[in-house]
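Please put together the full structure from these sequences, using the hints given.
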Amino acid sequence: MSKQQLPIVNSGVVAGDGDGTCCAPLVCEPLSQAEAAELAPLFKAIADPVRLRLLSLIACHEGGEACVCDLTAAFDLTAPTISHHLKVLKQAGLIDSERRGTWVYYWLNPGVLERLSAILGPRAAAAAASAAAS
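Note that the sequence shown covers residues -11 to 122 in our numbering.
No false leads were mixed into what you were given.
Restraint ranges, calculated between C-beta atoms of paired labels, are given here:
#	residue 1	residue 2	range
1	Ser71	Glu17	37 to 45 Å
2	Gly89	Pro18	45 to 53 Å
3	Asp36	Asp58	18 to 26 Å
4	Leu19	Cys57	32 to 40 Å
5	Leu65	Glu17	39 to 47 Å
6	Pro18	Asp58	36 to 44 Å
7	Glu17	Cys48	26 to 34 Å
8	Gly89	Gln21	44 to 52 Å
9	Ala35	Trp95	17 to 25 Å
10	Ala61	Glu86	13 to 21 Å
11	Asp58	Phe31	22 to 30 Å
It should be emphasised that the hints constitute simulated quantities derived from the structure, not laboratory data.
Glycine is no exception: its CB is placed at the ideal position from the N, C-alpha and C atoms.
Structure follows, in structure tokens:
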């Protein structure tokens, strides 16, 4: 994967408008072919319901990290199946892990999630504003 960083867009509230509407992003450009090819595997990794739930469970876990023993209990799936899904998330760079004794602990990779959010955030905010206006 390329090490090119996408711009982070501040989608904050317009100063002084007081109604809570988001401002238009300062930088809003379509993805290049290379950027789309680089980001597609990340979206593919979270497109599975089990993996999306795993991300959510890890993010919501106290301390920002979760033991695999806590994750497997939340599903009616075998441990090898959960391990496979965690491996896919880790290979995509969405999570990282560390073995501590017998157990493996997982946490989110905030840099990768910020990148995905920068792609979705401005467009999602603009779409929501457009829908609310109509």
